[in-house]
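Undergrad: We have chain A; now place chain B onto it with these hints.
Here are the chains, one letter per residue:
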Amino acid sequence: MNPETTEIIKLQNLDKTYRNGNISVAALKKVNITINYGEFVAIMGASGSGKSTLMNILGCLDRPTGGDYFLEGIDIKEKTDDQLSFIRNQKIGFVFQSFNLIPRTSAFKNVELPMIYGKIPARDRKDRAVALLESVGLGDRYEHMPNELSGGQKQRVAIARALANEPTIILADEPTGNLDSVSSIEILEIFTKLNRDNGNTVIIVTHEPDIAKCTDRTITFKDGIVVEDARREEAV
Amino acid sequence: MLFLENIKLALSAIRANKMRSFLTMLGIIIGISSVITITSIGASAQAMINKQFESLEGGYMVLMINWRNTESIDYYADLFSWDDIEALKNRFPSYIRYIELMNLGNSSTTTKVGRLEATLSLYGAGADYNKFDKSIQIIHGRMINQGDVDAGRENIVIDVRAARQLFNKENVVGATLPATIYGDEKDLTIVGVYETPPSIFSGLMVETSYTCYVPISLMLGSDARSAYIEIFASDKDDPIVQAEAFLSYITKVKNKPADFYMYQSADEQISQVNTVLGTLSIALGAIAAISLLVGGIGIMNIMLVSVTERTREIGIRKSLGARTKDILTQFLIEAMILSSIGGIIGMALGMSLAGLGMSAFGIGVVIQPIVIVVTVIFSAGVGMFFGIFPARKAAKLDPIEALRYE
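Just so you know, the sequences run in chain order A and B.
My numbering numbers the first residue of the first sequence as 1 and each following residue consecutively.
My numbering numbers the first residue of the second sequence as 1001 and each following residue consecutively.
Chain B on its own, in the form it takes in the complex:
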């Protein structure tokens, strides 16, 4: 009952001094809005990067030569071969969903159709690679299939933008495309056209070449060697545990010291990126929190002024039967409401700022409902913390002294 009265009382006191109340809130508004802006931008960036990795099936990893520990390598003995792929496949049949050698060398080729020209970046893919990399969305024809890989057929799946550039149309399935693969000129047949859903990276990077997929067997040949193996392992088991198992097995097969090969796992990279972003958000948020502290001191200052100004009122209230606790709650609630209103305004401002900032990159803002709850509670907490001293000062006033105060 008294609580409700105190809220009404606080609101009328805030209304009575609009300008002063606003200036007092300003500190909290700036503090909360900067904390919200920074954490929302951090959370949005994190969500976008996670979404980026989400297009990849779980359990993505690459086994590779540990270049840092390797001074010279024997091309045939040390690099991975098709035999190694078979060995891994046979050893871990229920864990490996996709495994192929991976070409990371310079495989870009310039192709000409009539007078139109485009630079293609060729990627050697195993069968149904689009099932594992969801960013490959076939819109015409089909993806490289098992038959293409087994026979090393001269087929290619191209980016829809390359199709537009070279043929001025999208459905170019069946057309012939001349390309050079590691020095050999070949006439490839287009069997599929794909497109990629828009991403943050597409907005930030200018692509000079189009990624196109050819059978990995065509790309590397049957006697191929590569420093990299691309694997999609089981997404139901811990990727790190699986990667360790594959690594130790292949190290044994190749009869090499422990650090000769290594792996990189997508899950590990996601968590690394998230750790960096999280730390950054916390650091920036902490700096912003300092302005909250300044805001809190502002509240304390104005509450002290208010207590002094209203000394006589406090005396009257005490003479009418207000207990120490009643006066304390009155001023505490006033401080809390003052800073909560500041907090709510600051939150709205912070979210708009974050939205504005992120829309510049064409990204939607992630607003976490928990942030709203925490903000209100936290700003009320700031009000309580910095309001308690002035409120205690008010509550402890001697009624006679207070009544005499002019």
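Extracted from the complex, chain A is given alone in its bound form:
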């Protein structure tokens, strides 16, 4: 972490245009956002507003077509695909709406995976995967396959996996979209705890105002443009 700056994410005049033959669609237009270390942010908007596109760019899964994206001061557009893989592996933890656990692979193995790609020695991987699963309340579910777990449990495995390499940023794309209300609350509590106690920067993409209310800052998108960027003053 660079002590000189408090900015973890900085978007400057960011554009993303999809081209399909002669038709081009602008998903993001001149977006300027700065997110500081330790923030808890909700990105809201209707479907097609560009919030998923932003999520992909923030997660280094996709590249902007214009403007700049600095992640911890690193200029993303200068990085190769494999360098982006490394950044995803080390700095970003993904949590998806559809869990995206690897099928026929135990909860333990799923959590271990990012550490394998991060070249962490086997012994350390095991200890850490066990600790992570315990911390999300799945200490008795190591060997369970994803299809043997409930939705809430799957999402908790996914969160444990996202935390495997101790990333600074947690990017969650509609994390409660496939969950019942009880599980949703549990998952949101985990995110809140990660932000408050662990110091992670948490960014949740959602279209549910209830979820957004739990965060400290809500950035609202419409047609690829930021229409609102509101901080809740009573928080922090």
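Heads up, some of the hints might be wrong.
As the list claims (entries may be wrong) - Rough simulated footprint, nothing fancy, chain B against chain A, three-plus residues with beta-carbon under 8 Å:
(1) 28-39
(2) 55-66
(3) 82-89
Stated by the list, open to error - Straight-line Cα separation of at most 20 Å, EDC-like style, residue types lysine to aspartate or glutamate; simulated pairs:
(4) A:Lys91 x A:Glu72
(5) A:Lys79 x B:Asp1326
(6) B:Lys1393 x A:Asp62
(7) A:Lys91 x B:Asp1326
(8) B:Lys1393 x A:Glu143
(9) B:Lys1008 x A:Glu143
(10) B:Lys1325 x A:Asp81
(11) B:Lys1008 x A:Asp62
(12) B:Lys1325 x A:Asp62
(13) A:Lys79 x B:Asp1398
(14) B:Lys1325 x A:Asp82
(15) A:Lys126 x B:Asp1398
(16) B:Lys1396 x A:Asp82
(17) A:Lys77 x B:Asp1398
(18) B:Lys1396 x A:Asp62
(19) B:Lys1396 x A:Asp81
(20) B:Lys1393 x A:Asp82
(21) A:Lys119 x B:Glu1005
(22) A:Lys119 x B:Asp1235
Note that these hints are calculated values from the structure, not bench results.
For each residue, glycine too, the CB sits at the ideal point set by N, CA and C.
TA: Chain B in isolation, oriented as in the chain A frame:
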């Protein structure tokens, strides 16, 4: 580290789709097993034939009239005589270990002992011929010796099977055996009994007569002529070089044109047989290798299906930090393991088939360890070759597209 993980991953993927994995391997199994069967049978046959010739001492050759170039010959002038034998012996004393005229004509004779009868094929031998042809193993008495040859004694060494047939016992040394040698009826004395170790030919051929040895001098007489000279030359020098030397010398002695005589060398014949067998093995092996190609295409096909099926998994892995190389290795190792397992099964199957085939002839299979190593490496290579395209396809997937894939 990642390599080991990839192997585990590949094995679990193969286990997860047992039936499909087996069907995919089947092509490789059939390919490898047919290559192994054919090459093992070829190698075994080659080894057996070499072993057959091994009973002969090295440097075996026959000098002979080149019948192809000869329209008419003068019996006394052109055929070989005892004088020619002496001339060769004196010219090449340190190279020639055994040299005698050789009778190849019809020398079979029917003999009767009491009411028992057998057909003998008489072979004129020089002294201690069994030292050069190891298939003659004396079990009773002795072989034709120098004294027999020098004096032309009426002695005979017989096959143990002839002894059993004629006398109902094996040790018949000292017994008398009536025989006709080129028209002359003689009462021969049995001085030795021999047996022959079993060979491939004994299993394949039905013998109607028994080979028995008499002194060559008795067989041919002192004024004999023969179209053949049998020689065991030095086994420490090149047989072909020696044969050429003997040939050119005898041609000069007999004052004949260059192509009048010729030689046949055992070593040359072995190498000819080996060349034929080798070529045959390669040709059949090449045909079998085509099934390996088909097997490889099967692997490629199933890997492509697997990549498509697991598109989403690939997307997840990429989002978690898998590099292009990681995905590539994962699928490549899976293809290689799939075809290596097929290769190992195919090898086991091929060896059993070869063993079964050869045991029908009563011959042991020659399993070359190098074949095992080459098979595993080669089948892994097939997997790699046909796996690289699907693996590259997987590695190049766009993470976002892959994550969205349903």
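Undergrad: Does each hint hold? Answer for all of them.
TA: Status of the hints after comparison with the structure:
| no. | hint | verdict |
| --- | --- | --- |
| 1 | 28-39 | violated (count 0) |
| 2 | 55-66 | holds (count 4) |
| 3 | 82-89 | holds (count 5) |
| 4 | A:Lys91 x A:Glu72 | holds, 9 Å |
| 5 | A:Lys79 x B:Asp1326 | holds, 18 Å |
| 6 | B:Lys1393 x A:Asp62 | holds, 19 Å |
| 7 | A:Lys91 x B:Asp1326 | holds, 19 Å |
| 8 | B:Lys1393 x A:Glu143 | violated, 31 Å |
| 9 | B:Lys1008 x A:Glu143 | holds, 16 Å |
| 10 | B:Lys1325 x A:Asp81 | holds, 11 Å |
| 11 | B:Lys1008 x A:Asp62 | violated, 31 Å |
| 12 | B:Lys1325 x A:Asp62 | holds, 19 Å |
| 13 | A:Lys79 x B:Asp1398 | holds, 16 Å |
| 14 | B:Lys1325 x A:Asp82 | holds, 9 Å |
| 15 | A:Lys126 x B:Asp1398 | violated, 30 Å |
| 16 | B:Lys1396 x A:Asp82 | holds, 11 Å |
| 17 | A:Lys77 x B:Asp1398 | holds, 17 Å |
| 18 | B:Lys1396 x A:Asp62 | holds, 14 Å |
| 19 | B:Lys1396 x A:Asp81 | holds, 10 Å |
| 20 | B:Lys1393 x A:Asp82 | holds, 16 Å |
| 21 | A:Lys119 x B:Glu1005 | holds, 11 Å |
| 22 | A:Lys119 x B:Asp1235 | violated, 64 Å |
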